[in-house]
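**Student:** Assemble the whole structure, with the sequences as input and the hints as a guide.
Residue numbers (the numbering used here), protein chains in the order written: chain D, 29 to 333; chain F, 13 to 307; chain E, 5 to 345.
FYI, nobody ran anything at the bench for these hints, they're computed from the structure.
Treat the hints with caution; some may be incorrect.
[Unchecked claim] In silico DSSO-like cross-links for lysine-lysine, where the CA-CA straight-line distance does not exceed 30 Å: (1) E:211 with E:12; (2) E:86 with E:12; (3) E:268 with D:240; (4) D:240 with E:154; (5) E:154 with E:211; (6) D:240 with E:211; (7) F:265 with F:83; (8) D:80 with E:158; (9) E:211 with E:86; (10) E:158 with E:211.
Residues per chain, in single letters:
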Amino acid sequence: MSYVIRRILQALVTLFVAVTIAFVLGRMSGKPAALILTEGATAQQIDELNGKLGFNDPILGQYGRYLAGLLHGDFGVSYRNPGQSAIGIILERLPATTTLALLSFAIGLVLAVVAAVLVHITGSHTLRALFVWSGALRSSVPDFFFGVLLVLIFAVGLGWLPSLGYTGLPSFVLPVATIATAQFVLYVRLLDSALSEQTTAEYVRTAYARGKSHAAVVATEMLPNAFLPILTVAGLNLAGLLGGTIIVEQVFSWPGMGVALINAVSQRDFAVVQAGLLVVVLIFVVVNVVVDLLYSLIDPRVKLA
Amino acid sequence: MTDTVAMAQVGTAAPRRRRLSARQGRWLSTCGGLIVVLVILAIIAVHLWPGFDAFTQDLAHARLGPFVDPKHPLGTDVVGRDLLSRVAAGGQTTLLITAAIVLVNFVVGTVLGLLAGFFGGWADNVIALVTDVSLALPAVLLLIALSAIFGPSALLMILVLGFTHWMSFARLARATALSLRSRDFVMAPRMLGASSARIIRTHILPHVLPQMFIVAVTSIGSVILLQAGLDYLGLGIQPPDPTWGGLVLEGQKYMRLSPWQVILPGLAIFLVVGGTTFFSQRFTAESTQPLRKVR
Amino acid sequence: MSAEMIRKAPLLEVNGLVVTTTGPDGETVRLIDDVSFTVDDGEVVGIVGESGSGKSLTMLAVMGLLPYGLEVAAGSILWRGKDIVGLREQQLREIRGRDIGMIFQDPMTALNPLRRIGSQLAEAIRLHQRVPRRVARARVHDLLDTVGVKDAAKRARAYPHEWSGGMRQRAVIAMAMANDPALLIADEPTTALDVTVQAQVMRTLEKARAELSSALILITHDLGLAAQNASRMLIMYSGRIVESGSTRDIFLSPTHPYTQGLLKSRLAERDERAYAIPGNPPSPRLRPSGCAFAPRCELSRGRSVCVDARPRLELRANGSCSACHFAQELGAPVAPVGSEA
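**Tutor:** Shown next, in the form of structure tokens:
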């Protein structure tokens, strides 16, 4: 139990640090009145508005109010669109991002497992070389260009799939393909290596000695053991992915958090940027904790106590 | 069992293997390096050659494909600008920025690593902490945040990305400093009263530099990808200065009308990143167990 | 013809086994260099040798479990008269675990850490017998009982890291027994265990063997262990058999200088003196062309026949076989009768 508590405490501390950094950065960006008011506003008007919004108060006071607001889920209002809450703008975009991230992650990972297991069952160096080479090629192409190429070929060229938007299942194909291929390349290499490490393990030899077939040994004895260290990497990756589909969203005009963030940046709407960053960090931390706990559930050698 | 494994290790090479022999691997690595050098030379050539202009619009000759017009070897974009010039100019910017970023990483990493390794103790611990924080901090997000405050700029990108890859340099520098600090040729000047800074500079640094070069080359691909991605998002160099990432962003808008406009800069990125990756593979030893075939 | 003259075919017969691998320069290296022996039903045979003598590899060859890069280059392995070298994997699988049960050295790593012990044992059964899970589980409990694990039903649900080394080795023995094999092969079964536990495990092993009436090949570097449990012994050195015979004969009157050296060092250990055969065994790549032991042999004294000609196994006066040009010059017995009890 204390391990769980420790992990949660650690997560809270990280969140607190992130929140504080966001506050500091926010205050560094200056007071928002100048952005909110139209041009031609006098310095006095600007100062007045800033005072009303609370930006002229002593810094600690602002910090306290900020923290209190966060606990109530109040992330402030958008600088550009004072009518909307900053967090609202972010949250309404969340589902698009999470579905994209989770789907791509799952497909990439599952296919990688199948591929790595196949390589080891068949013992085919050719198959392994195929994955290594195509992996090297895919890794040398930036995600955004890969996405653009897919659009060029399948949307513009062949017309099979839509080139942008969040309009139903076909519109998922190209964005997911872009991310999933990168995920696949990453995991296939890790899994192949992890499985290779298990090949010389004693328990593997014992399994052969009791008459188990090679395919069964790879899939049911080696794979679970090989997968454990991958789990940590996968978790970190997923956490990063949930916050980082920005580039692919931009390529496909995917209405996710990333697009909202970029727009907020170009509009200098720091309240929204702040809200978005905090959500990303929150997701990152939560996913990491979940993965850690998952690990201790799967590996009987790790005790929670 | 252990002696059995030891006996098995007597034979490491396996005949009739269709694996890449060392020679083929070296050939591949040289090819990669060659491609990168060619791209760089092309960029320089275009820069020096008069008559190649990345900005002049010429609607009469717009949307030409490659190898059609000898005046525009790689074609023109949707408003008639020469693509070879644009991609070359983009390459110049991108590669120079990349060099700057790698340089910052190198300097930061080497200094921190040498300090940590040479002095040990609390310096080592502090730097280890900084490393952990660096690893946890997502550079893209930080850059987004800072861009929102200060506005996007090249300098900002160089500074932020300069702290994304320093760890590899630091690790190496630290290890080298650690192993060398108790050797005679380091101890001697110390006892004669030479300052630590001087010792590190004259005696330890020369040993570290050759391997640093390899680390630097290995990091180039990753830095370019990161940087191009940020340019694509509009967070780095701003138009009208061309960068490869920026050119792809711009080209995507006119993809249907003028596809080469978006393909060429992306291709350029692929060639350079792929080239450096294959080139540096020669120096990173990584081998997996051969696979067991079952009859 | 009297009954005694009709000899039953041996259970396992190895003839001229040669196992090779490829060295770093592409040359062929012989890890097992022409080894022949037989094992009859119900026999206990000890194979004794130092690290690198090839004793474990011989058994792996029998099971068809040679590591990557090694292959059987020559010779035959006859199981109940049928050659199993070159058999298809599918057929070998039927032998493994059903006809031959193998017990490996390190119980700490011999079991999959992510699976329950009971499940792994049950699998050993269900791989060869079509029985429902319930039945397999019951059999697993019986097996664990036999090897001395109390409260088997409950304890079988544990994971390997929850059991001690000695108990894990017993589980491995139970796994080897699961399908009533005709032959058990134990490769250094007690080497990785505490001294206090070693005797227990050997007793369990003997009990298992007796219950199955199976043959047992005991592979070890410990001459005494082999002597205590085996009726016949093979001494291996550098991939070759240098002496073979009954335990008693080998101890009372060794017919090979290497065996003699082993006995001497064992005696010295007991008396808390130090004696080691000078030198080290040759690496398989650099095995001398004549007698492999010659460089270290006190008996040889550098005589040219030892350097030039590889000695063949020859029958000696006491019934043992040994490969030595000058076996007849070996002196008085090293150990008096009864000192090895």
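**Student:** Would you list, in rising numerical order, the hints stated earlier that this structure does not obey?
**Tutor:** 3, 8
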